[in-house]
Amino acid sequence: MSFSLFMQHLANGVSLGSLYALIAIGYTIVYGILRLINFAHGDIVMVGAYVAFYGIAMFLLPWWISFPLAIVLTILLGVIIERAAYKPLREVPRFQLFTSAVAVSFLLENLAIVVFSGRPKAFPRPPFMDQTFTLGGVRIVSYTPLIIISALLLFGLLTLFIHRTKVGMAMRALSKDIETTGLMGVDTDRVIMLAFAIGSALAAVGGVLWAIKFPQINPLMGVLPGLKAFIAAVLGGIGNITGAMIGGFLLGIVEIMIVAFFPDLAGYRDAFAYTILILVLLFRPTGIMGEVEPEKV
Amino acid sequence: MTTIQTQEQRGERRFGLTRNRILTVASLILFIGFLIWAQNNLDPYKLRILNLCAIYAIFAVTFNLIFGFTGQLSLGHAGFAAVGAYTAALLTMSVAQKQANFFLEPLVPLLANVEWPFLPAILVGGVLAALTGLLIGWPALRLRGDYLAIATLGFSEIIRVICVNWQNVTNGSLGLKGIPGHTNLYWSWGWAIITIFVVKKLVDSSYGRALKAIRDDEIAAEALGIHLARHKILAFTLSSFFVGVGGALLANLISTIDPKVFMFFLAYQIVGITVMGGMGSLTGSVVAAVLYTVFLEVLRPIESPFSIGPINVPGIPGMRMVLFSILLLLVILFYQKGLFGGKEFSWDGLFAIGGKIRARFARASVPPATPPANLKEE
Amino acid sequence: MTILLLDNVVKRFGGLVAVNNFSTQLQPGELCALIGPNGSGKTTIFNLISGIYEPTSGKIYFDGLDITGKRPDVIAGLGVARTFQNIRLFKGLDVLGNVLVGQHLRVHSDPFSAMFGLPNYTREERMMREKGMELLEALNLAHLAHEEPSSLPYGQQRKLEIARALATEPRLLLLDEPAAGMNRTESQELMDFILHILDTFELTIFLIEHQMRVVMSICLRIIVIDHGVIIAEGAPADIQNDQRVIEAYLGVGDYASG
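Residue numbers (the numbering used here), protein chains in the order written: chain A, 1 to 297; chain B, 298 to 675; chain C, 676 to 933.
Just to be clear, a hint being listed does not mean it is correct.
[Claimed, not checked] The list that follows gives simulated cross-link-like pairs (lysine-lysine, DSBU-like), each with its CA atoms no further than 30 Å apart:
| # | chain 1 | residue 1 | chain 2 | residue 2 |
| --- | --- | --- | --- | --- |
| 1 | B | Lys474 | B | Lys634 |
| 2 | B | Lys653 | A | Lys87 |
| 3 | B | Lys474 | B | Lys640 |
| 4 | C | Lys745 | A | Lys87 |
| 5 | C | Lys745 | B | Lys653 |
| 6 | C | Lys806 | B | Lys640 |
| 7 | B | Lys498 | C | Lys806 |
| 8 | B | Lys557 | B | Lys640 |
| 9 | B | Lys634 | C | Lys745 |
| 10 | C | Lys806 | A | Lys176 |
| 11 | C | Lys766 | C | Lys734 |
| 12 | A | Lys87 | A | Lys213 |
| 13 | B | Lys343 | B | Lys557 |
| 14 | C | Lys806 | C | Lys734 |
| 15 | B | Lys634 | C | Lys766 |
| 16 | A | Lys87 | B | Lys557 |
| 17 | B | Lys498 | B | Lys640 |
| 18 | C | Lys766 | B | Lys498 |
| 19 | B | Lys474 | B | Lys497 |
| 20 | A | Lys121 | A | Lys176 |
| 21 | C | Lys745 | B | Lys640 |
| 22 | A | Lys213 | B | Lys557 |
| 23 | B | Lys497 | B | Lys343 |
| 24 | B | Lys497 | C | Lys745 |
| 25 | B | Lys497 | B | Lys640 |
| 26 | B | Lys653 | B | Lys557 |
| 27 | A | Lys121 | B | Lys498 |
[What the hints assert, rightly or not] Each pair of labels, with its calculated beta carbon distance range:
| # | chain 1 | residue 1 | chain 2 | residue 2 | range |
| --- | --- | --- | --- | --- | --- |
| 28 | A | Phe214 | B | Val405 | 49 to 59 Å |
| 29 | B | Ile491 | A | Met184 | 50 to 60 Å |
| 30 | B | Ser552 | A | Ala84 | 53 to 63 Å |
| 31 | B | Leu630 | A | Ser4 | 32 to 42 Å |
| 32 | B | Val405 | C | Leu740 | 33 to 43 Å |
| 33 | B | Phe494 | C | Thr731 | 20 to 30 Å |
| 34 | B | Phe328 | A | Ala84 | 40 to 50 Å |
| 35 | C | Val685 | B | Arg318 | 25 to 35 Å |
| 36 | C | Tyr829 | A | Met184 | 39 to 49 Å |
| 37 | C | Lys806 | A | Arg83 | 20 to 30 Å |
| 38 | B | Val405 | A | Leu153 | 34 to 44 Å |
Simulated from the structure, these hints should not be mistaken for laboratory data.
Glycine residues also receive a C-beta, built at the ideal position from the N, C-alpha and C atoms.
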């Protein structure tokens, strides 16, 4: 394989990884606090993409209005889901919370099929993101660095937020010990809502950027990326934002590279992620950055 | 040795068990009579619905075993059904049909030249599904709650990905057409009854109690000497066997299968049905499965344009699933017990309800007591 | 002939040493108490014995058999049963059901016999139920056989948990703070109950308490631990007056006048 081809694959992998990372962060924030895998997260990604799509295609809004609008509406959706489907179930046995998450995911997918129609739509890529240029012999399309930079930027902002603001500290505290933190005067509900808001916002960004990279959207488009992003979060250490970033990048790169070096395995590319998940859960369930949590008896 | 027994229990031992047994056998005979009548008199469309009811009942009962009784949220059902379906399809299809299907890449010789009768094909499908369950269960069942769900979902999807890519065995995304329609009411409901019987017997036994203990508190269960892995795998493998059988029955009912049939959507539907019927109630699972299948068919018209009087309503494809998922969410949030809660149907229960209704009527028809005449003067 | 032997058991959680060189022996038929302030490592020791944790170093022997690091269900099968600080009853089963689960580890019939209702299983199930009811009768719980555990008063729930542990036919019973949350009368009743089962069943009982008063009257031997280390061991009278024990409990004025 030539160097330029390799670099192209690498760039591809990193940009895919960035998308996984953005979505993975949303999973990990929610899991860190509520110990809940938000099954519906992948579908929220899908909603973000569709809102942006309709903004541009139907309402003819320029992308710099459509995209933020998508983020805002998706945040709203995420918060509504949390209030309506998760909050009421906080006190009951855990498995009801899981089934609720599954049900919400199912509902979103079916609603999307009905409202948006099951047929895939072509996502209008803004022209400046469609420019191909050559860098040191490697052909790159402009959205690739855009995706990578966006992911890193947002990660940086989020890390600052988590570590430098009071609310961020509250979120970290909640993820360590939800009961005690609540007892210390932190408004648990507000902080949880914020966690969902941030997660949904990143999901929306992920959805929009995903639609730019793979410009065909359909109601089930969020399921696979969502699942893979969750796997990335587990790989990096669930509950850990840096872990989610690392896991996301790793997963993206591995996925692209395996297919690049073993083209015959292309049909199985989705299975790699699942295999990685099972290996991680069996041999190092806490992931790369995770800490072991012994269960109190 | 004295054992305290209530009057009821003593009576039940001498008469009740026999009475209940007679009732059960009688209803079974009645039901079989119904099946015979239906098989010979109903049109194919209605027969298909009845068959689907049985198949979904099998799926729901087995899911209840693994989730409602053992507390393991496994979303792998679709994968096991796929294993059973493809196995039975490949074994029962005629040689000619297989040749016609596998035009991209020929089917492996082992399967290309065989044509088996239905029963062995179903059994092999079930056994292979059970082995898959064993393979998946052994690593997966060490995982906690949500991780188990994702891992089993992942396994199910891996199976599907294999089906899409294993061109010379599964015919890839083209799927299989022309599977012989062996499934009739006797096969589907016969297997459904066997499934319900076996699962119920297990659940009522000491092993069943051990499973419920694992569901309620794993740590305490282990401290009482229960080998967690062995029991979880027992439930999982048994469950997967019957899911494979269900898949085999499905393949020979709808005659055409492809990997898309066995997407995770199927698992979500099964979760929905079982939750709505009531976790921990086999009766609920069967009833919910039947209701689900029937209502899905009954509501089919709303997905194509129809008119109410002068108003023309455009068809909304996918609406049924939306309604189902909304209903599911409502049940989870507000009526967690589902239709039957944790209770099962029992003849005693039925008679008890009858007794209560009779008592209500008796009270209503007796005139209010009048005080004796001499007391009134005082 | 020692029934339980702990030999220099150490348990570390990351940097924290929860149990430090803990050694002791229990003789058959003993009723011995392990007491100490909160967080001193008592439950950790029980978790080590019953197999929930594996010792970082050291050995544990039950009736001469090395049980160090074995799985909890294996250890239970060998004859060690326990209860938990927070009562862990099975809410989805009734009182008799909970006891029957305790008997499950001795079931001979395989699952297939159960699944198909074969006569060898139905016979065994009937015998299990009889045995279960007998146990409940011996402990004055038979009238509650078909109640939901969550509907029972706290004291009865505690007794039920102990009954369930007894159903495993143990030779060593570990009771983790059985009197937690009880007032004086209830604790006294429970202690009488424990003495009763000590005699009725061939048991050795190892008891955790953090209230000294509760165990003073019934235990012949008391081990006191603090920060994972034994600080005193002996008869109640000696313990009460031991300086180190008094210091450990300082501020937790619970041990009151003898």
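Status of the hints after comparison with the structure:
1. B:Lys474 to B:Lys634: Answer violated: Lys474 (chain B) to Lys634 (chain B) is near 41 Å, above 30 Å.
2. B:Lys653 to A:Lys87: Not satisfied, since the Cα-Cα distance of roughly 39 Å exceeds 30 Å.
3. B:Lys474 to B:Lys640: Measuring from Cα to Cα gives roughly 42 Å; hence the hint is violated.
4. C:Lys745 to A:Lys87: 40 Å, violated
5. C:Lys745 to B:Lys653: Not OK: Lys745 (chain C) and Lys653 (chain B) at ~54 Å, beyond 30 Å, violated.
6. C:Lys806 to B:Lys640: 26 Å, holds
7. B:Lys498 to C:Lys806: 21 Å, holds
8. B:Lys557 to B:Lys640: 35 Å, violated
9. B:Lys634 to C:Lys745: 38 Å, violated
10. C:Lys806 to A:Lys176: Violated, because 46 Å separates the two Cα atoms, which is more than 30 Å.
11. C:Lys766 to C:Lys734: The given pair, whose Cα atoms are some 35 Å apart, is violated under the 30 Å limit.
12. A:Lys87 to A:Lys213: Distance of about 35 Å is beyond 30 Å: violated.
13. B:Lys343 to B:Lys557: 24 Å, holds
14. C:Lys806 to C:Lys734: 35 Å, violated
15. B:Lys634 to C:Lys766: 15 Å, holds
16. A:Lys87 to B:Lys557: 34 Å, violated
17. B:Lys498 to B:Lys640: At roughly 15 Å apart (the allowed maximum being 30 Å), Lys640 (chain B) and Lys498 (chain B) satisfy the hint.
18. C:Lys766 to B:Lys498: 21 Å, holds
19. B:Lys474 to B:Lys497: 36 Å, violated
20. A:Lys121 to A:Lys176: 43 Å, violated
21. C:Lys745 to B:Lys640: Violated - the C-alpha atoms of Lys640 (chain B) and Lys745 (chain C) are around 38 Å apart, more than 30 Å.
22. A:Lys213 to B:Lys557: Satisfied, since the Cα-Cα distance of roughly 25 Å is no more than 30 Å.
23. B:Lys497 to B:Lys343: Cα-Cα ~28 Å, so holds.
24. B:Lys497 to C:Lys745: 33 Å, violated
25. B:Lys497 to B:Lys640: 12 Å, holds
26. B:Lys653 to B:Lys557: 50 Å, violated
27. A:Lys121 to B:Lys498: 51 Å, violated
28. A:Phe214 to B:Val405: 49 to 59 Å: Given range 49 to 59 Å: violated, Cβ gap about 35 Å.
29. B:Ile491 to A:Met184: 50 to 60 Å: 57 Å, holds
30. B:Ser552 to A:Ala84: 53 to 63 Å: Taking Cβ atoms as reference, Ser552 (chain B) and Ala84 (chain A) lie about 42 Å apart, which means the hint is violated.
31. B:Leu630 to A:Ser4: 32 to 42 Å: Given about 55 Å between the Cβ atoms, the range is violated.
32. B:Val405 to C:Leu740: 33 to 43 Å: 53 Å, violated
33. B:Phe494 to C:Thr731: 20 to 30 Å: At roughly 50 Å between Cβ atoms, Thr731 (chain C) and Phe494 (chain B) fall outside 20 to 30 Å, so the hint is violated.
34. B:Phe328 to A:Ala84: 40 to 50 Å: Hint holds: Cβ distance 42 Å, inside 40 to 50 Å.
35. C:Val685 to B:Arg318: 25 to 35 Å: Once the Cβ atoms are compared, 60 Å apart, the range 25 to 35 Å for Arg318 (chain B) and Val685 (chain C) is violated.
36. C:Tyr829 to A:Met184: 39 to 49 Å: 29 Å, violated
37. C:Lys806 to A:Arg83: 20 to 30 Å: 51 Å, violated
38. B:Val405 to A:Leu153: 34 to 44 Å: 52 Å, violated
In this structure, the hints that do not hold are numbers 1, 2, 3, 4, 5, 8, 9, 10, 11, 12, 14, 16, 19, 20, 21, 24, 26, 27, 28, 30, 31, 32, 33, 35, 36, 37 and 38, in rising order.
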